[in-house]
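Trainee: The lines below spell out each chain.
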Amino acid sequence: GAVVSQHPSRVICKSGTSVKIECRSLDFQATTMFWYRQFPKQSLMLMATSNEGSKATYEQGVEKDKFLINHASLTLSTLTVTSAHPEDSSFYICSASNRAAEAFFGQGTRLTVV
Amino acid sequence: KQEVTQIPAALSVPEGENLVLNCSFTDSAIYNLQWFRQDPGKGLTSLLLIQSSQREQTSGRLNASLDKSSGRSTLYIAASQPGDSATYLCAVRKGGGADGLTFGKGTHLIIQP
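Sequences listed follow chains A and B, in order. Under this note's numbering, the letters of the first sequence match residues 27 to 140, in that order. Under this note's numbering, the letters of the second sequence match residues 19 to 131, in that order.
Because the hints were derived from the structure by calculation, they are not lab data. No experiment lies behind these values; they were computed from the predicted model shown. A portion of the hints provided could be inaccurate.
[Stated by the list, open to error] Restraint-style ranges between C-beta atoms, simulated for each label pair:
1. PHE54/A to GLU74/B: 22 to 30 Å
2. ASP57/B to ILE38/A: 19 to 27 Å
3. ALA27/B to THR138/A: 43 to 51 Å
4. GLY114/B to ARG36/A: 48 to 56 Å
5. LEU37/B to THR108/A: 20 to 28 Å
6. LYS81/A to LYS19/B: 17 to 25 Å
7. THR57/A to SER46/B: 21 to 29 Å
8. ALA96/B to GLN86/A: 37 to 45 Å
9. ASP91/A to ARG79/B: 43 to 51 Å
10. LYS81/A to GLY113/B: 12 to 20 Å
Think of the CB as a built atom: it goes at the ideal place given N, C-alpha and C, for glycine as much as any other residue.
Just need the whole structure built from these sequences, with the hints factored in.
Mentor: In structure tokens:
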């Protein structure tokens with residue numbers, strides 16, 4: 027299967043700071059990538075769709091000014107959590123799909139805001 | 019709004035048993051359905067992808083079926099092994115590759131040695 031790499035896998039930051047998470051498709055080009063959030067013992071919830079060369083599309087209830095998404099190339103999307111607070115602590119995971127619309131996921135990022 | 023339900027939420031069986039995980043979705047207008055495995059604190063590993071026109075897919079000891087009209091899918095695991103212990107997630111995609119996935123809450127599976 028295709029490979030999606032996400033970095034960092036874990037990050038601890040102070041309240042009020044910003045954190046950037048990178049998502050790369052290593053062996054295929056992805057015009058569209060997706061960002062999900064997972065709370066403990068809950069399922070994944072789609073946050074936003076990252077479109078190469080254009081603005082991201084956010085799901086209802088997701089603050090676009092808090093979760094900045096940039097998709098500057100066909101292999102890289104970034105999610106920046108701005109002015110992070112403890113309630114932003116969660117597991118964030120990205121996904122990209124191949125031409126068969128099969129989704130492949132990164133390793134995820136555990137964000138802890140202290 | 020699409021809703022995906024997985025039953026059971028948790029399952030513990032002895033090694034060697036065959037087992038079935040169930041997934042149902044409320045809107046049958048899907049593009050495809052995908053089964054994933056998630057180990058604790060890790061990302062998702064794709065197990066099987068079923069396109070909306072397909073009835074089933076097989077990979078090794080895994081077999082997934084899809085009944086789109088009734089909004090159901092099952093994941094069959096044959097001859098279970100302790101290494102199969104994980105959370106299994108079912109997800110559906112509405113449109114093509116530009117649409118995200120809607121996930122169920124998963125089935126937490128434990129295979130007892």
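Trainee: Compare the structure with the hints numbered earlier in the document and write down the numbers of the violated ones, lowest to highest.
Mentor: 3, 4 and 5
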